[in-house]
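Q: Residue numbers (the numbering used here), protein chains in the order written: chain L, 814 to 1116; chain S, 2 to 251.
Treat the hints as calculated values from the structure; they're not laboratory data. Fair warning: there could be bad hints in the mix.
[Claimed, not checked] Some chain S residues flagged as far from chain L (calculated, every beta-carbon gap over 10 Å):
1. Gly83
2. Arg115
3. Met165
4. Ser167
5. Gly230
[Said to hold, decoys possible] Each computed EDC-like pair below joins lysine to aspartate or glutamate, with the alpha-carbon atoms no more than 20 Å apart:
6. Lys78/S x Asp136/S
7. Lys67/S x Asp149/S
8. Lys211/S x Glu224/S
9. Lys1051/L x Glu110/S
10. Lys78/S x Asp924/L
11. Lys1051/L x Asp149/S
12. Lys158/S x Glu224/S
13. Lys1051/L x Glu219/S
14. Lys158/S x Glu1109/L
15. Lys158/S x Glu71/S
16. Lys67/S x Glu30/S
17. Lys67/S x Asp161/S
18. Lys158/S x Asp125/S
19. Lys78/S x Glu1109/L
20. Lys158/S x Glu190/S
21. Lys67/S x Glu41/S
22. Lys67/S x Glu25/S
23. Lys78/S x Asp1108/L
24. Lys67/S x Asp206/S
25. Lys78/S x Glu89/S
26. Lys1051/L x Glu71/S
27. Lys211/S x Asp815/L
28. Lys211/S x Glu71/S
29. Lys158/S x Asp206/S
30. Lys1078/L x Asp889/L
31. Lys158/S x Glu41/S
32. Lys67/S x Asp208/S
Note that the coordinates shown come from a computational prediction; the quantities given were computed from them, not determined experimentally. Just so you know, even glycine gets a beta-carbon here, dropped at the ideal spot from N, CA and C.
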Amino acid sequence: MDVYLPIASLSVNGLLIVALGVLTGILSGLFGVGGGFLTTPLLIFYGIPPTVAAASAATQVTGASVSGVLAHRRRDGVDYRMGLIMVGGGVIGAMIGALLFRFFQAVGQIDVVINILYVLMLGTIGSLMLAEALEAIMPKEGKDKGPKRRRHHPIVAALPMRWRFYRSGLYISPLAPAILGVIVGILTMLMGVGGGFILVPAMLYILGMSGNVVVGTSLFQILFVTMATTMMHALTTKAIDIVLAALLLLGSVMGTQFGTQIALKARPEILRFVLAGIVLIVAIRMAVGLAWQPDEIYTVSPL
Amino acid sequence: MRALFLVIAAVFLMGQREAILVPEVSQSEVRVRQGFTGTELLLFGAILDPAGRRAGAEYDIVVVLKGPTEPIRMRAKDRIAGIWMNAEASDFRSAPSFFAVASSQPISEIVDDRTAAIYELGTDFIQLSPSGQIDPVQQARFAAGLVDLRRRLGLYKQNDRGVMISEQVLYQARISLPSNVPVGQYTAETFAIRDGRVIASALADVDVRKVGFERFVEDASQEWSLIYGIVAVMFSIFMGWVAGRLFAMI
Chain L
814 MDVYLPIASL SVNGLLIVAL GVLTGILSGL FGVGGGFLTT PLLIFYGIPP TVAAASAATQ
874 VTGASVSGVL AHRRRDGVDY RMGLIMVGGG VIGAMIGALL FRFFQAVGQI DVVINILYVL
934 MLGTIGSLML AEALEAIMPK EGKDKGPKRR RHHPIVAALP MRWRFYRSGL YISPLAPAIL
994 GVIVGILTML MGVGGGFILV PAMLYILGMS GNVVVGTSLF QILFVTMATT MMHALTTKAI
1054 DIVLAALLLL GSVMGTQFGT QIALKARPEI LRFVLAGIVL IVAIRMAVGL AWQPDEIYTV
1114 SPL
Chain S
2 MRALFLVIAA VFLMGQREAI LVPEVSQSEV RVRQGFTGTE LLLFGAILDP AGRRAGAEYD
62 IVVVLKGPTE PIRMRAKDRI AGIWMNAEAS DFRSAPSFFA VASSQPISEI VDDRTAAIYE
122 LGTDFIQLSP SGQIDPVQQA RFAAGLVDLR RRLGLYKQND RGVMISEQVL YQARISLPSN
182 VPVGQYTAET FAIRDGRVIA SALADVDVRK VGFERFVEDA SQEWSLIYGI VAVMFSIFMG
242 WVAGRLFAMI
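Hey, can you work out the whole structure from these sequences and the hints?
A: So, in structure tokens, the structure goes:
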């Protein structure tokens, strides 16, 4: 089924794009990640111009996360208070990120910055998650648990002005999620993704939020940040292809619901193990891409 | 430059019978709309002598279809500290977004390189108007890189046997436009060549443009970008919401 994309200015196989949407939708419902870290590279690989791919993926992630947030809200899986603070930080971060993006674009190094960020972020997070998940799946024999693990990072505990976050089961300073939001916002804008794959582990291991609200709250934050990103793309790059976004959405809204269903049944440590695996594979692929001679030595940008 | 050359050539050739080219393009307008998967342009015509008879001599025909030009910056990746990153850059002021050449024989057998360069006969002879950096070796490397890149995208092409000439009168060439063809004003230039000299040339225009919904979407994203963005956000929220509702019912 050939569909012509008016902004990308080429025709694509519509069913393939919908299938890609389903795939990212399942990831999004399962893990609370937007799936942008997978959609954008795959779209570029398919021949869609990088800016159009990133902008349209942002639009798609908005829809996928609405669907996901609704699914998680039905079982009280969203901490709105925590989410709103992170959104606030995220919007500030996105603005800082936009400035950085423009700077690196002007000097022609945005690709390599994005790739290095991917390798560093995905590599670190992936290994941490993998180690943690393996430990949970196969606890070491003959050794007791030792001292109880700390809830959250000591820096988080040291911050002043504590608030209660009932759904997350936390009593911490709102500065912690706000700063986290800013960092994720910067990375979101630079890397062109929703930031869920950074946010989910950070909420688990740095803030120490309880597991059952992590995915829902992450999707809530992604929803608003991608809305802001979509608007920013509409106004600056003008690269949102609404037909491409619609095809991706068609797949991903269905995928998200399936993902959420699976998430309710599967063991969380298995899920984390799988996500860690996917994240690591992408990181390794990117690292290899940096070191090997690329297929395309030359790139063209309009003046 | 080209006009001057033609005048000189015309004067020089007055003694001989001068051939006339009558070119035609199968469609003067390519409409890009939903379901567009590319199209094929048929460029055809006749070579006649001034009396209207068939020219009665062996001519070679070269057809050049050229899309709108744009200024671009090319960047080349190089290995720096073990990482492949953009190193050198070069600017071209007139890179055609589309360039296709078809000829009745390989270009090198029809004309010499100088003539080929004057008339842009072949993807090796596109006038890119490099600016900034001057080193000619470097420039040639970048130009070759651009041609290679766009050839693999189907935007630059050269077919050495793409023109069919029948009975020394009629010629035809088929040039396919891929679905990623850039929109704009195209020129189809036909050259009749004999003994390494361009005897006659003729120009035809082809307008490639988006129509209907595709045109509307592109215009909207450019002209009313704020509304376009809001609509995109609303639309995706709506889709997500509907899906959420549907699944809640199941």
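Q: For every hint, state whether the structure bears it out.
A: A quick look at each hint next to the structure:
no., hint, verdict
1, Gly83, "violated, 6 Å"
2, Arg115, "holds, 27 Å"
3, Met165, "holds, 29 Å"
4, Ser167, "holds, 34 Å"
5, Gly230, "violated, 3 Å"
6, Lys78/S x Asp136/S, "holds, 18 Å"
7, Lys67/S x Asp149/S, "holds, 17 Å"
8, Lys211/S x Glu224/S, "holds, 16 Å"
9, Lys1051/L x Glu110/S, "violated, 47 Å"
10, Lys78/S x Asp924/L, "holds, 11 Å"
11, Lys1051/L x Asp149/S, "violated, 28 Å"
12, Lys158/S x Glu224/S, "violated, 34 Å"
13, Lys1051/L x Glu219/S, "holds, 9 Å"
14, Lys158/S x Glu1109/L, "holds, 18 Å"
15, Lys158/S x Glu71/S, "holds, 18 Å"
16, Lys67/S x Glu30/S, "holds, 14 Å"
17, Lys67/S x Asp161/S, "holds, 17 Å"
18, Lys158/S x Asp125/S, "holds, 10 Å"
19, Lys78/S x Glu1109/L, "holds, 8 Å"
20, Lys158/S x Glu190/S, "holds, 15 Å"
21, Lys67/S x Glu41/S, "holds, 14 Å"
22, Lys67/S x Glu25/S, "holds, 16 Å"
23, Lys78/S x Asp1108/L, "holds, 10 Å"
24, Lys67/S x Asp206/S, "holds, 10 Å"
25, Lys78/S x Glu89/S, "holds, 7 Å"
26, Lys1051/L x Glu71/S, "holds, 19 Å"
27, Lys211/S x Asp815/L, "holds, 16 Å"
28, Lys211/S x Glu71/S, "holds, 19 Å"
29, Lys158/S x Asp206/S, "holds, 19 Å"
30, Lys1078/L x Asp889/L, "holds, 16 Å"
31, Lys158/S x Glu41/S, "holds, 14 Å"
32, Lys67/S x Asp208/S, "holds, 11 Å"
Against the hints set out earlier in the document, violations occur for numbers 1, 5, 9, 11 and 12.
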